[in-house]
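Colleague: Here is what each chain is made of, one letter per residue.
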Amino acid sequence: NAGVTQTPKFQVLKTGQSMTLQCAQDMNHEYMSWYRQDPGMGLRLIHYSVGAGITDQGEVPNGYNVSRSTTEDFPLRLLSAAPSQTSVYFCASTSGPAHNEQFFGPGTRLTVL
Amino acid sequence: SQQGEEDPQALSIQEGENATMNCSYKTSINNLQWYRQNSGRGLVHLILIRSNEREKHSGRLRVTLDTSKKSSSLLITASRAADTASYFCATDGVQAGTALIFGKGTTLSVSS
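First to last, the sequence lines map onto chains G and D. Per this note's numbering: the first sequence = residues -19 to 93. Per this note's numbering: the second sequence = residues 23 to 134.
Hints are not guaranteed to be accurate.
[As the list claims (entries may be wrong)] Partial selection, computed: residues in chain G whose CB lies under 10 Å from chain D:
(1) V(-16)
(2) Y11
(3) M12
(4) S13
(5) W14
(6) M21
(7) G22
(8) L23
(9) D36
(10) V68
(11) F70
(12) A72
(13) E81
(14) G85
(15) P86
[Claimed, not checked] What follows is a set of in silico ranges between Cβ atoms, one per label pair, in the way DEER data are often shown:
(16) E77/D - T0/G: 38 to 48 Å
(17) F(-10)/G - R76/D: 29 to 39 Å
(18) S134/D - D6/G: 36 to 46 Å
(19) T(-13)/G - S46/D: 29 to 39 Å
(20) G20/G - T89/D: 22 to 32 Å
(21) T91/G - E75/D: 35 to 45 Å
(22) T49/D - P41/G: 15 to 25 Å
(23) E75/D - T0/G: 34 to 44 Å
(24) L59/G - A100/D: 42 to 52 Å
(25) T89/D - N45/G: 35 to 45 Å
(26) A100/D - D53/G: 40 to 50 Å
(27) T(-13)/G - S90/D: 24 to 34 Å
[Unchecked claim] The calculated lysine-lysine pairs, modelled on DSSO-like cross-linking and capped at a C-alpha distance of 30 Å, are:
(28) K126/D - K(-11)/G
(29) K(-6)/G - K126/D
(30) K48/D - K126/D
(31) K126/D - K78/D
Hints are computed from structural coordinates only; laboratory data are not their basis. For every residue, glycine included, the Cβ atom is placed at its ideal position computed from N, Cα and C.
Use the sequences and the hints to build the structure in full.
Modeller: Structure, rendered in structure tokens:
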């Protein structure tokens, strides 16, 4: 199993550009989530999904969209990138309720100029 | 807002010493988990302790949970240089059954 994969690993955007961060898992996990990590802030929840077709907002959802058309994929879209979205983004998945062990991807380091 | 808060923010010790990190949280929980993050990498699950457990061991790791004080501690015994990393506690108390809420982490440096 590849586990949780994220692409790209690095990305530089200009303010106003849009892009999609990809996340996929091959463990047939129902629960998936996106976090951003900033220095001194720990991990903050952006959006999460409890199954295909079901998504909800986390702590910091503004400026991001998600969709969950399949169990495997959970892409995160930046509609109009802003410098405040410069961060490291992590995708995670778990097999059952979210209070089970979570498996993390390697992260995407995004810089918005 | 953060559910868990780790203490201290940073910890520096020598190889062979024990390292203790603490986590406090705000609401009731199903369980509490500890994760490790090496520099520039994703998070790796270390240990999970359920709300009805008071202590749990895994190798050199010992975790305690006091639900009455809403706090947990992670003890790493006989630390090694390879233990150098950031350590995070996480709970689901704020959004139960949805996603974990993480603290800001403790950065541990173990020097040889």
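Colleague: Each hint should be assessed against the structure and marked as holding or not.
Modeller: Against the structure, the hints come out as follows:
Evaluation of the V(-16)/G hint against chain D yields a held restraint, the C-beta minimum of about 8 Å falling below 10 Å. Checking Y11/G against chain D by beta carbon gives a least distance of about 7 Å; that is within 10 Å, so the hint holds. Checking M12/G against chain D by beta carbon gives a least distance of about 9 Å; that is within 10 Å, so the hint holds. Taken as an interface hint, S13/G checks out: its beta carbon lies about 4 Å from the nearest beta carbon of chain D, inside 10 Å.
Here the hint on W14/G is kept, as its CB sits about 9 Å from the closest CB of chain D, short of 10 Å. Evaluation of the M21/G hint against chain D yields a held restraint, the C-beta minimum of about 6 Å falling below 10 Å. Against a cut-off of 10 Å between C-beta atoms, the interface hint on G22/G holds, since the closest Cβ of chain D lies about 4 Å away. About 4 Å separates the beta-carbon of L23/G from the nearest beta-carbon of chain D, less than 10 Å, and the hint is met.
With a cut of 10 Å, the hint placing D36/G at the interface with chain D holds, because the nearest CB-to-CB distance is about 7 Å. The beta carbon of V68/G is positioned within 10 Å of a beta carbon in chain D (closest approach about 9 Å), and the interface hint is therefore held. Proximity of F70/G to chain D holds as hinted, the smallest CB-CB distance being about 6 Å (cut-off 10 Å). The closest approach between the C-beta of A72/G and any C-beta of chain D is roughly 8 Å, which is under the 10 Å cut-off, so the hint is satisfied.
Taking 10 Å as the C-beta contact cut-off toward chain D, the hint placing E81/G at the interface holds, the least distance being around 5 Å. A hinted interface residue such as G85/G counts as satisfied when its beta carbon comes closer than 10 Å to some beta carbon of chain D; here the least separation is about 6 Å, so the hint holds. Using the Cβ-Cβ criterion of 10 Å, the hint placing P86/G at the interface with chain D is satisfied: the shortest such distance is roughly 5 Å. Distance hint for E77/D and T0/G: a CB-CB separation of about 44 Å, consistent with the stated range 38 to 48 Å.
For F(-10)/G paired with R76/D, a C-beta distance near 43 Å fails the hint of 29 to 39 Å. The hinted range of 36 to 46 Å is satisfied by S134/D and D6/G, whose Cβ atoms lie roughly 38 Å apart. Look at T(-13)/G against S46/D: about 36 Å separates their beta carbons, and that is inside 29 to 39 Å. Between G20/G and T89/D, the C-beta spacing of about 28 Å keeps the proposed range 22 to 32 Å intact.
Checking the proposed 35 to 45 Å range against T91/G and E75/D shows it holds: the Cβ atoms sit about 42 Å from each other. Restraint check, T49/D to P41/G: a C-beta distance of roughly 20 Å satisfies the suggested window 15 to 25 Å. For E75/D paired with T0/G, a C-beta distance near 41 Å keeps the hint of 34 to 44 Å intact. Against the hinted window of 42 to 52 Å, the Cβ-Cβ separation of L59/G and A100/D comes to about 49 Å, which satisfies the hint.
Taking the beta carbon of each, T89/D and N45/G are about 37 Å apart, inside 35 to 45 Å as hinted. The hinted range of 40 to 50 Å is satisfied by A100/D and D53/G, whose Cβ atoms lie roughly 42 Å apart. A C-beta distance of roughly 45 Å is found between T(-13)/G and S90/D, which places it outside the suggested range of 24 to 34 Å. Straight-line distance between C-alpha atoms of K126/D and K(-11)/G comes to about 23 Å, which keeps the hinted pair within the 30 Å bound.
Pair hint K(-6)/G plus K126/D holds up; C-alpha atoms about 29 Å apart against a cutoff of 30 Å. Restraint check for K48/D and K126/D: satisfied, since their Cα atoms lie roughly 14 Å apart, inside the 30 Å limit. Restraint check for K126/D and K78/D: satisfied, since their Cα atoms lie roughly 23 Å apart, inside the 30 Å limit.
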